[in-house]
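Colleague: Chain residues, written in single-letter form:
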Amino acid sequence: MTSVMTRTVARLLLLPTLVTALAILVKGYTQPGDGFSAGVVAALGVLLQLMVFGREEAEKIPGVRQAGTLAFVGLLAALVLAVVPLLLGDPLLTHYPSPGSGVLHFGTLEFVTAVLFDCAVFLLVFGFVVGTVGAISRAIEAADREEDPS
Amino acid sequence: MASPVLLPLLLALLAAPAVLLAGTFGVRSAAPTGAAFAALAFGATLWGWMSGGGAVDLAWAPSWDLRLHLELDGLATLYALLATGIGFAVLAYSSRYLPLHLEHQGRPASDGVGFYFFILLFMGSMVGLAMAQDLILLFVFWDLTAIASYYLIGFDRQDAESRASALMALLVTGVTAVLLLIGALLLYAAHGTFSVPELAERVGPGPLLTTAGGLIAVAGLAKSAQVPLHFWLPRAMAAPTPVSAYLHSAAMVAAGVLLLGRVYPLLQKSEVLLDSLLIVGLLSMAVGGILALTRDVLKQLLAYSTISQYGYVVVMYGLGGEYGAVGASFYVLAHALCKSALFLTAGAVTEATGEDRLSGVGGLRRPMPLLAAGSGAAAAGLAALPLTVGFFKDELFFAAALERGPVFAGLAVLGAALTFAYAWRFWGGIFTGDQVSEAKRMPGPLVWPVVALGGLALFGGIFVGPYLGLALAAGSDSLGAPASVSAAYHLDARPENLMALGTYALGGLIVVARPLWVGMALALSRFGERVGPERLYGLTLRGLNALSDVVHRAEARDLRSRVAAILLPGGVLIGIGILVTPTAGTYRVGEVRLQDVPLLLALVPLAVAALTTTITKRHVTLALVLSSAGFMLALVYAFFGAPDVALVAVLVETVLTLLFLGTLRLIPYRVLHRQAELPTEKRLRKVFFATVAGASTFAVVWATLSRPAVENSVAKEHLRLTPDAHAKDTVTAILADFRGLDTMGEISVVALVLLAVVTLLRGGRLR
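So the protein sequences, as listed, match chains V and F. Counting from 1, position 43 in the first sequence corresponds to residue 43 in the working numbering; the numbering is continuous, with no gaps. Numbers given in the working numbering equal positions in the second sequence, counted from 1, plus 1000.
Careful: at least some of the hints might be erroneous.
Just the calculated beta-carbon pair ranges, DEER-fashion [to be verified]:
no.	chain 1	residue 1	chain 2	residue 2	range
1	V	F72	F	R1107	27 to 35 Å
2	F	R1762	V	V19	32 to 40 Å
3	V	V9	F	R1762	29 to 37 Å
4	F	K1617	V	V9	50 to 58 Å
5	V	V9	F	L1559	36 to 44 Å
6	F	K1686	V	F72	38 to 46 Å
7	V	R11	F	V1597	35 to 43 Å
8	F	A1610	V	R65	36 to 44 Å
9	F	L1541	V	T30	37 to 45 Å
10	F	F1688	V	V9	31 to 39 Å
11	F	V1580	V	V9	56 to 64 Å
Honestly, the hints are just simulated from the structure, not real lab data. On a predicted model such as this, the values are computed, not experimentally measured, just so you know. Ideal Cβ positions, reconstructed from N, Cα and C, are used throughout, including at glycine.
Start from the sequences and build out the full structure, keeping to the hints where you can.
Modeller: Given below as structure tokens:
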């Protein structure tokens, strides 16, 4: 089993990882990083919990059990963002506000729809990584149970 | 907003999902829901047409000139009314027929929901096809009808013949659909638009029009089951009867002539195309008509009659002129009413007696008088007797043929006489003579749709106005000019009337003289089976299958051969490319500066890791070595000054390593261990493949990096535009904004992979 040291570090690391992911996500438009990187970072934070404490413990973190659903929520959100401009008479996947017009700022965070699109990518990537590894670990558990029914 | 225009399409497209939803609450509610939607869509089409039609033109991808250009014109109204109206009748009929059908087959009643779903999907795509004015949009709806037809024809999926028939229909209509796309692209390349009305203005006669129009016409003719691509239609009779009724009258086969009618403004500019249509149509009339007289199975008889009937329509388009264009539309309308009624009759008769052959039934007018009357009206309509809508269809047909000359008038009478003969053979064979089999009482929904459709055929024989009005509007759209053609009873000796009388006489003669010609007709049928196009189709399919097997054995036998099959041809092609292009100045070795040293230092372990992979035996070690190479590559990116790429590389590499290890853990340790201990086979061959692939990649990368940076590159443009996207980080702006559509596609792939992995790991189940 994992040592006390690993467990302590893993527990301590979860929150900072998620905060880092959030920072990468919202600052992606002004600094390196985007929804993809943020999604992987957040997923890695969760996977660390999964490896150290086991799947059942990790699934207590909100959103982990529903990771697969989250991925498709992200895909749906991206599709909606792509299609909505059509209804407003613009080409597919136009972002607002349009070039040249003013943008709301909140620190370095800018309120443009491209950030929302990035959030959709974030959800999808997070859901993909956690969902895939979760599915693999579930399959491993099932195989172990078959070998050793006790 | 032009809502009345889009309403029919929206209702028709919503019908299929609505039925699925209704099906989850109860199987019994599916058919009524679908019928309700069909009726609503019918009403909406009628309302939209009454209120003057209209158009919607929405550019959804302007940079590719793709438009959602839909218009409720005469042609669209005609086919939309057929699709929804006959759809309604067929759904009403199916609500009783399908439970019986499923019961015969021992399948659960819940399978019916899928049936209604695909019928309504068919209806929705037909309405879309009817309204589409843009060739690409036409193509999309066209393929949608092919997909729906595949599931409907193969509805009895436990039956191998059903599956083969469904595949045949899909291949014949799907492969020719590609010709439609090619034709559309040819026209677009020359004239810069996919819009049919705009093309009609811009395109002049010439080889381009003949080629493109010919390709589009072939797609239409294949869908309308015209010779020599007719063989799929009799096979498609494997479908449940309501499907056949729908396919033949208002959907699949009608879609073919709909396409011809839609692009007719283009087709009529080319004499060659019109003459080809004439030849194909006449051949189909002859082949379909003669073979219909030889078939014993009720639905087969009707299938061949459909081939011949659409032959008429194609001939009329080929004859051209006002009579041709209006007559073709009128013919489709009259034929749809009569033929759907006859198919539903065949289904009801088979359900009542258990017999599906002419020789097994007879004299059914006594036990089933209502059905006999309804289908009698329909058969009379097909045979063009007076007081039915069919009389006028032949009147227009004869008028169109007369315009062209006496030879065509003679051929027209001959074709019409064949129709008369097989219409009598069908109706007379079932309902007259002595009763040879027991008949059960039929529930109302199996009889009333036939009576209603037959009634509509009779109604048109007395009040032809509404039918003709619709056909006139549709014909005007095909011609591109207002048409004024009249149809009425004239009690005088005009040529059309004489030709009609000649038809009845000749038709009666064909019926009476059956013993004289039946041997010849059967010989023709056997000859067609031996050397006909269906045999060619079978040979092609088998040949392709064998070729695919050969390629599969060579390429995809195991993972190594699959990788080699990509790397080796790729490497050889690149090698040829390098040999034939001038290489002067392409391969440069730049100077090594002091600031490049960290980069070189990172490259050394990368090379070591890459070389180590070739000698590593243990799988886990191999995964770790691969990931260490990846991390080194990330370091290289970082030294190159690409923090975004480096960040992504590190993250991807971490996830990949986890996935590798997780997957390896799924394989029992013993198996992995034994595999790792196996000696390497065919070592020389593997070394050869790897060297060719590595050397070619090396050459390509070297050549690319030696190239001087291009002035005014896309990268510069992206950098310039980044502030406009309210961004400071160009990479993110590219991903989310400039190339957002690419990202959209990529994340869809990621989502699909997730679905695939989860399904695979759970043994094919998602829950």
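Colleague: Confirm or reject each hint.
Modeller: Hints versus structure:
For the pair V:F72 and F:R1107, the supplied restraint of 27 to 35 Å holds, since their beta-carbon distance comes to about 31 Å. At about 34 Å, the CB distance of F:R1762 to V:V19 agrees with the hint of 32 to 40 Å. The hinted window of 29 to 37 Å between V:V9 and F:R1762 holds, with their beta carbons roughly 33 Å apart. With their beta carbons about 33 Å apart, F:K1617 and V:V9 fall outside the hinted range of 50 to 58 Å.
For the pair V:V9 and F:L1559, the supplied restraint of 36 to 44 Å holds, since their beta-carbon distance comes to about 38 Å. Between F:K1686 and V:F72 the Cβ separation comes to about 41 Å, which falls inside the hinted range of 38 to 46 Å. Evaluation of the 35 to 43 Å hint for V:R11 and F:V1597 yields a pass: the beta carbon distance comes to about 41 Å. For the pair F:A1610 and V:R65, the supplied restraint of 36 to 44 Å holds, since their beta-carbon distance comes to about 40 Å.
A C-beta distance of roughly 58 Å is found between F:L1541 and V:T30, which places it outside the suggested range of 37 to 45 Å. A hinted range of 31 to 39 Å for the beta carbons of F:F1688 and V:V9 is inconsistent with their spacing of about 48 Å. In this structure the supplied range 56 to 64 Å holds for F:V1580 paired with V:V9, their Cβ-Cβ distance being about 59 Å.
Checked against the numbered hints above, the structure violates hints 4, 9 and 10; every other hint is satisfied.
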